[in-house]
Amino acid sequence: MNPEEVEFLGEKQLISIIPTFNSSTIHLVSGDIGPFRASLPVNVPLWVAVNLKQQRKCKIQPPDWMDVEQLELLKEAEKASRNFVKMPSEHYMIEGKLLLSIATDDIARADEVRTIIKDIWDIRMAKLRSSVNTLITGKSYGNVDNLTIMEINSMRPLIPHAMDQIHRMKMERPRFSTPSQSTSLGLLNSSTVISTFK
Amino acid sequence: MSLCYSYTPNYFSIEDILVTQERIPSKFLVNVPKLGKLNPSAEENDIKQGTALDLPFWLADPLSFARHPLISIELPRVYKEAYREILKADATAVDLHKLGLYFYELGLYVKRLDPRREVEAILLHTFRSRFKELMDFADDVVCDPVKQNRLDMFERTLFQKAHFSRMQLKSWLNNSEMRLEAATMVINHKKRKRIDVDDLF
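The listed protein sequences derive, respectively, from chains Z and P. Read in the working numbering, the first sequence has 9 at position 26, and its numbers run on one by one without any break. Read in the working numbering, the second sequence has 180 at position 182, and its numbers run on one by one without any break.
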């Protein structure tokens, strides 16, 4: 998958906004959104929120975890733990990236939040790489608990292909061809073999 | 994806055709009349018993495995003891491309010629120990052609796929009006303290 495709999946996450306009319910294939009443919070998918924000028709209420203190705690936990810590959101990277790019005015201390999210991402990627390496060298199993889709996707297609190759190496290879007696003896007289070498 | 096709070599797999094209040392056990053409170094019409020739694998394998084998084949040089020792010592330092374009694939074919299964072990060992370097290498934005030339064809395909997806991820991370990035102070700080992974574990 492309990162863009993962982003698309993450954009379905609901987020709370405070609209600045009135509108009745909008019926979409994926579900109804609204109704919108000015200055009453309403939950909408992330992509709607981004769109409305760009038109300056709403204020975004950042998710609870997008807060410097909480993220600091999370970062420390991530540093201290061998395993991956459960992230507050399955798509933290996507939410972080989208909200921090369009709604900096709605997020308190946006710059710090951005830096911490990036730090957490880096720590987790470093862990993921070393975990993958132990997996491939066969020393132990890989540890993928609590990984988000974006992180898992970052190791594709390298890991599945490498694992497949290792499996092939361990497998008994069926013979290249199993000639019957007639072909092996008839081969010498057959003109096809000789013509290949002309 | 082309990589998927190479998993189970099939009739139409170009990779597989190229792999079985590799020549392996074989020795004729019987006199073969009128096939002197196979031996470019001799003028004779016939191939005599005991002639040593390098035949392509697709030809040598069926001939050696018939009920009355016409030839006997042995492991190609690069899978023999001497080379195995080199690979055991440090597989990452070896230029696999020089040892044969399809080191792993051909190895899979010829590994049954070695009853002690040492070829299989060395293939696994080589792949595993070279993997980390391959992974790091795929992460680099700049591809070093010298390093790339040291990869075997399989590793090369793997590298290209991995590199492509890593670059997509990198551009996704950087591609927005407000980038998610480390603080300027950290970037300017010459020696950025790397997260010591060993400490974490």
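Some hints here could point you the wrong way.
Examples of chain P residues toward chain Z, derived with CB under 7 Å [stated by the list, open to error]:
1. L122
2. F129
3. V140
4. P143
5. V144
6. K159
7. Q166
8. K168
Output of the computed footprint for chain P on chain Z, the stretches with three or more beta carbons under 8 Å from beta carbons of chain P [said to hold, decoys possible]:
9. 5 to 16
10. 50 to 57
11. 144 to 151
Treat the hints as calculated values from the structure; they're not laboratory data. Quick caveat, the model's predicted, so the values are computed rather than measured. We put the beta carbon where it would ideally sit given N, CA and C, even for glycine.
Quick check: which numbered hints come out false for this structure?
-> Violated: hints 3, 4, 5, 8, 9 and 10.
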